[in-house]
Amino acid sequence: MNPRPLTLRTYLQSIAAWTGLWAGVCFVAILFGGERLWALPSGEQVRGILAIRLYAVLTASVVGAALALAGLAFQALLRNPLADPFVLGVSGGAALGVILSSLLVTVVGAPLFGFLGALVTIGIIYAVAQRRGRIEPYTLLLTGIVVNAFCAAAIMLINSLVDPKQRGDVAYWMMGSINTFDPHWSLVGMVGGLTIATGAGFAFLAKGFNLVAVGEDTAGALGVRVERLRLVTFVAASLVTGASVALAGPIGFVGLICPHILRMAMGPDHRRLVPASFFFGATFLVLADLATRLLEGVGGQTPPVGVLTAMAGVPFFIYLLRVRWRRASEIR
Amino acid sequence: MATGIRNPVTADLPLAAFPYLAVRGVGFAYRRDAPVLRDLSFDLERGRLVNILGPNGSGKSTLLRILVGLLAPASGEVRLGGALLADYPRAALARRVGYVPQETAQATGFTVLETVLLGRSPHTGALGFEVPGDWYAARHALHLTETEQFAERSLDELSGGERQRVVIARALAQEPELILLDEPTAFLDIKHQHAIYGLLRRLVREGAKTVLCVSHDLDLAAAYADDLVLLDHGRVAAAGKPEDVLRAEILSPVYETPIEVRKDKATGRPLVLPRPQA
Chain A
71 MNPRPLTLRT YLQSIAAWTG LWAGVCFVAI LFGGERLWAL PSGEQVRGIL AIRLYAVLTA
131 SVVGAALALA GLAFQALLRN PLADPFVLGV SGGAALGVIL SSLLVTVVGA PLFGFLGALV
191 TIGIIYAVAQ RRGRIEPYTL LLTGIVVNAF CAAAIMLINS LVDPKQRGDV AYWMMGSINT
251 FDPHWSLVGM VGGLTIATGA GFAFLAKGFN LVAVGEDTAG ALGVRVERLR LVTFVAASLV
311 TGASVALAGP IGFVGLICPH ILRMAMGPDH RRLVPASFFF GATFLVLADL ATRLLEGVGG
371 QTPPVGVLTA MAGVPFFIYL LRVRWRRASE IR
Chain B
8 MATGIRNPVT ADLPLAAFPY LAVRGVGFAY RRDAPVLRDL SFDLERGRLV NILGPNGSGK
68 STLLRILVGL LAPASGEVRL GGALLADYPR AALARRVGYV PQETAQATGF TVLETVLLGR
128 SPHTGALGFE VPGDWYAARH ALHLTETEQF AERSLDELSG GERQRVVIAR ALAQEPELIL
188 LDEPTAFLDI KHQHAIYGLL RRLVREGAKT VLCVSHDLDL AAAYADDLVL LDHGRVAAAG
248 KPEDVLRAEI LSPVYETPIE VRKDKATGRP LVLPRPQA
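Quick mapping for you: the protein sequence lines, in order, are chains A and B. In terms of this note's numbering, the first sequence opens at residue 71 and continues consecutively. In terms of this note's numbering, the second sequence opens at residue 8 and continues consecutively.
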């Protein structure tokens, strides 16, 4: 239950261990995802498939890490264990931003618009759900539902107005998928850089996350500027959510599942949870993406990875609602 | 007027006018038309246990929130150790002033020891790692509050009195000079009320702390506090020794209830007896 005390040494050791786990899973996913490499006739084809799988693995890592970090941060600052970028509607807002950008500018504009969409959404949700500085847990989730509904409607409106040739498969994209047919390596690099920077930044905010979880007055009395912490965290979490949606669409529930599995395994300390969420989120989505490619062997088509995370996430959400909600609603 | 931590001694006030904590003409309002504190002034000397009393809505909790830096006064000034409270960096203030808020339900999943270690935050570095000194301070705080036996238990499993002691331990682990407590005995039975006040007394006597405590219980305050500050509608109605403040002619108008004050034969302390008309 009580792991070793945190020192720089144990901290770096745990980061090294997480890196090893993540790299190992990536290695397996590249070698064994779908078609058997050794059955392929030419080295050319092997290289082609390896490149595609490397792209998929890196994209899944970046998106998974981003969503797990954003989920952890929203849960800490909103003091609601069910907060997740997708559930809150932040991913939906980001998706609306990305769709808008596709009408206007090139693909590089997508993360910016995704970020703006996410930031506006979390601003609206926070303004609606808070009353005198306190966030009503039920109002928060209900606000997320209607914001999601609005964004989905707006996306369908835009989509139905544009030229059918430009539409693309929005329904597929809205489920959240890692598209390997049209790789954007520069986008992966950019979003990856943002996510690493956010993870590193959150490592320095983790002590504040712990204190806010105990209580905002307590946090303030212990030297945390709560309003500033909340602003910085919301902006950073919106940034990585928006960027990840630009990369792979709104993949749901990763930000819910990953931090909670880690909390069950290692306790509530955000100093441990921040690096753990970063690496576990990455590993989790690589595995989920691997599963979609293995499912390709069943039906001949690759399902979007968001289908799997949603099917895993919804029972998980219900479990949290039933078993942990009482405790959640006690946190004021 | 020169202010700031670098030069705490200003020209227009002689040194004697610098008590440890000086609250001068403080006003505050959450809404413009409803002031909570108006022109409130009092001094607090080091090494004393002072109890703030007053009816509901008289501004006691708001005053504490100002003293810990959670709220900024709308008018007037607060000086701690001669320097304006507003001039302290947030973490520096947190190393000098500890705060025990009114009890709230906490379901964080932290153990008691981890909760108390959170009190070390103002002392730890950017990543928040504790060093052996921090563990010592936390263990010592557990010892002082007699909560060592709960160290590995979850906070959620403890009773109200035990939890309150843990929250006080967290404030002690902070190693502040001044400890502010907002109704620490509100939900406790007689035994635990006296245990908490006995602990506060010990902290002042043996721990060289200064304690400022808000409570509703006049008799407890009379029994344990060195000085009382009685608030009424955001002003100081009376301040001084318990026997000077707890007087029928002072209390009755403040609480808007006929109050009789007798002398306890055993201790010589004032005994407050409300006599509301039926």
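Take these hints with a grain of salt, some might be off.
A few chain B residues facing chain A, derived, Cβ under 8 Å [to be verified]:
(1) G89
(2) L91
(3) A93
(4) D94
(5) R97
(6) A98
(7) T115
(8) E121
(9) L125
(10) G126
(11) S128
(12) P129
(13) F136
Under 7 Å between C-beta atoms, here's a sample of chain B residues computed to sit facing chain A [what the hints assert, rightly or not]:
(14) V75
(15) L77
(16) A101
(17) Y106
(18) A133
(19) G135
(20) P139
(21) G140
(22) Y143
FRET-style restraints, in silico, Cβ to Cβ [unchecked claim]:
(23) S48(B) to Q200(A): 32 to 38 Å
(24) V393(A) to G64(B): 54 to 60 Å
(25) V216(A) to W142(B): 46 to 52 Å
(26) E52(B) to G271(A): 57 to 63 Å
Quick caveat, the hints were computed from the structure, so don't treat them as lab data. Don't be surprised by glycine CBs; every beta carbon is placed ideally from N, CA and C.
Tell me the hint numbers this structure goes against, listed in increasing order. Of the numbered hints, 1, 2, 3, 4, 20, 21, 22, 24 and 26 do not hold.
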